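Kindly produce the complete structure, drawing on both the sequences and the hints.
Protein chains in written order, with my numbering: chain A, 1 to 401; chain B, 1 to 299.
Since the hints were made in silico from the structure, they are not lab data.
Here the structure is a predicted model, which is why all the values come from computation and not from measurement.
Take these hints with a grain of salt, some might be off.
[To be verified] No more than 20 Å apart at the CA atoms, straight line, and that leaves these computed lysine to aspartate or glutamate pairs for EDC-like:
{"#": "1", "chain 1": "A", "residue 1": "K199", "chain 2": "B", "residue 2": "E292"}
{"#": "2", "chain 1": "B", "residue 1": "K166", "chain 2": "B", "residue 2": "E239"}
{"#": "3", "chain 1": "A", "residue 1": "K199", "chain 2": "B", "residue 2": "E11"}
{"#": "4", "chain 1": "B", "residue 1": "K35", "chain 2": "A", "residue 2": "E373"}
{"#": "5", "chain 1": "A", "residue 1": "K199", "chain 2": "B", "residue 2": "D240"}
{"#": "6", "chain 1": "A", "residue 1": "K199", "chain 2": "B", "residue 2": "E239"}
{"#": "7", "chain 1": "B", "residue 1": "K255", "chain 2": "B", "residue 2": "D219"}
{"#": "8", "chain 1": "B", "residue 1": "K193", "chain 2": "B", "residue 2": "D240"}
Now for the letters of each chain:
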Amino acid sequence: MSHAEIMTGNQAAAWGAKLSKVQVISAYPITPSTPITETISQWVERGEFKTEYIRVESEHSVMTVCVSASTVGARTFTATCSHGLLYMHEQLHWAAGSRLPIVMACVNRAVGAPWSIFNDQQDSIAQRDTGWIQIYCRDNQEILDSIIQAYRIAEQVYCPVMVCFDGFILSHTMMPVEIPDAEAVCRFLPPYQPHTILKPETPRNINPVIFPWQRRDAEGVLRDGYMDMRWKLQHALEGSRAAIVETGRAYAEAFGRDHGGMLWTYRTEDAEVLIAGMGSLATEATTAADILRDEGIRAGVVGVRVYRPFPREEIREAFKNAPAICVFEKNISYGYEGALSADIKAALYGAGIRTPIHNFIAGLGGRDVKARELAEAVRSSLSAIAAGTSERQTWLNCVTE
Amino acid sequence: MPEKLFKIHKEEYMLPGNRTCSGCGLALAYRYVLKALRENTILTLPASCLTVLHGLYPTTSVAIPCLNCTFASTAASASGLVAGLAAMNRSDITVVAIAGDGGTFDIGIQALSGAAERNTDFIFVCYDNEGYMNTGTQRSSATPAGALTTTTPFLTKQQNKKDMMKIMEGHDLPYLATTSPSFPIDLYEKFVKAKRIKGSRYLQIATPCPPGWVFPPKDTVKIGRLAVETGIVVLYEIEDGKFRFTGRSKTLAEKGNRVPVINFVEKQGRFKKMSMEQLGQLQRSVDQKWNEFLRRAEA
Ligand SMILES: Cc1ncc(C[n+]2csc(CCOP(=O)(O)OP(=O)(O)O)c2C)c(N)n1
Ligand code: SF4
Ligand SMILES: [Mg+2]
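So, in structure tokens, the structure goes:
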């Protein structure tokens, strides 16, 4: 039977892994994701969670263990963030290139130098181009549910999935969370049945050196070259949208909770300004929209839940009638702008939409962002847009001279 | 000795035709390694000359399943295979990680030390050709002092070779051994033995490399033999902490007839700029280590 408990985001992530009956877990401590692995350690040592738990000596090895274990057919999980995630970078590419359905919880944290243990999303955004699906969660319930969903998505499309949530803001905050019935989760997520596994009965050489062009195998069949394989990964990621949306729907049917497929919207109908964001910042934006609406400004929120694959069509649909857009995000692509803002602009360009977009970089390294500050920022943007400023980058609550 | 050859498994797992250079010491050794390991083995290996030996997608010259991994991750990759196979209830498979000296002494040492400390149930093999050969002979921490490489092109490498066996011994392993392709029976027997033991096992193969060491490909076996005759490479095994000379080194230890290191050095172009001081230093360090081994063997 399902039941509710008060728990942190980290505990919700651990529950997600447990309910998904993960077979191999590997992890390395880093704040604020450590409690996920500590929670799992306790379950494993108490005999409440039967899984191979490998406590390795670095995050590079963490992701390596996930890759190899997955190659021989095991369902694998890990959790990390920030420098841990960056240290895995090479292996993130290797995991996606190997087309393995690994799922990881990424507890978003800033990246040094200098050291900061506090929240922003620079860590996972910096891994944007590794070939992983990225889901950004808004609350602890969504974390638990998304991890279960992530396995179902990953194992359909053979792409790894990163379930991201904001460090401390969610990872260390208690909220009531419904823990679904284990049997029901099993029905929703049957055991992993890979199409290929490495085993002595069918010797093969996985991920050897490959040439630019196609080559014939021993039977004379022409096989992919490097670039053909890369296209397949791109194609799989683009195609994963359908699996993500279907999984969200099926989950809602089975468990009664719908967190949105690729994105979610809040009070967007008739909006004169739309606020876009990801994770807890987007949640904060819903309060800002309420404040603005109370003042007579018709504001709404578009929360990007899945950042890769990017919800191109959904973004176009959501923004097509908005006269103004404000994108708030906790990352910066140095030398340009926030990654989300750049991507939204690119998506709208393809549909011929030329709405003014203001980009706000906010909350880096854990700097507080309050709903009323977001509302104030939107107000100032609206006047600037009215005065003809169609493009602007603002660092919120930041000394900029 | 020849009759012992008949004990060697007939099956070939290294198929005819691979991409190593002619006279490659690794290729010689690998054939016997695989014969000893046989079926029910999964290999994992990083970027190295061995990747090249295994062939270009979609063909391979090795009939044992293999997972390629990134340069630093070999032992962690083995850990993942062991964990995954345990989760799949496949306890009958031996996991073997095999890397070059760069992938072992240098970039792979962290993952190796971690896996060994966890006593992961696997065999780690380092084939030591004393340099980054796949990338064209750069120095590694396994390159001996006095050798020319493309990153020590005029002055030669100034530092001594790292003693990796000692480092691995510090991990309390159930089995460690050194081998050479010039002594295939000794090599074969050690791998057969290693396969039967549980826990982390570490084997090092001293593999001569004609282009990297600059000697004619026809001399590989001779150079490998000279390495042992001079005591630069010592054949031994350490089982549950107990040291034992093996094969030719055992005979040398009993008869006391090692030859001077110059006999090994003078045959290789890589040592052509070696100073007399470096040569003397090499002889002294070989003698000192040899005496250490003699003491251990007596104990
Ligand atoms: C992280 C990383 N750095 C560098 C390389 C380039 N690289 C590939 S093989 C190699 C040398 C391998 O040397 P070793 O392990 O001794 O094996 P050998 O080639 O000598 O057989 C290097 C430096 C790489 N593949 N990955
Ligand atoms: S460079 Fe040396 S180790 Fe590499 S394939 Fe050639 S001979 Fe073998
Ligand atoms: Mg080498």
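Legend entry - Numbers of the earlier hints that this structure fails to satisfy, in rising order: Numbers 1, 4, 5, 6 and 7 - these are the hints that the structure violates, sorted from lowest upward.
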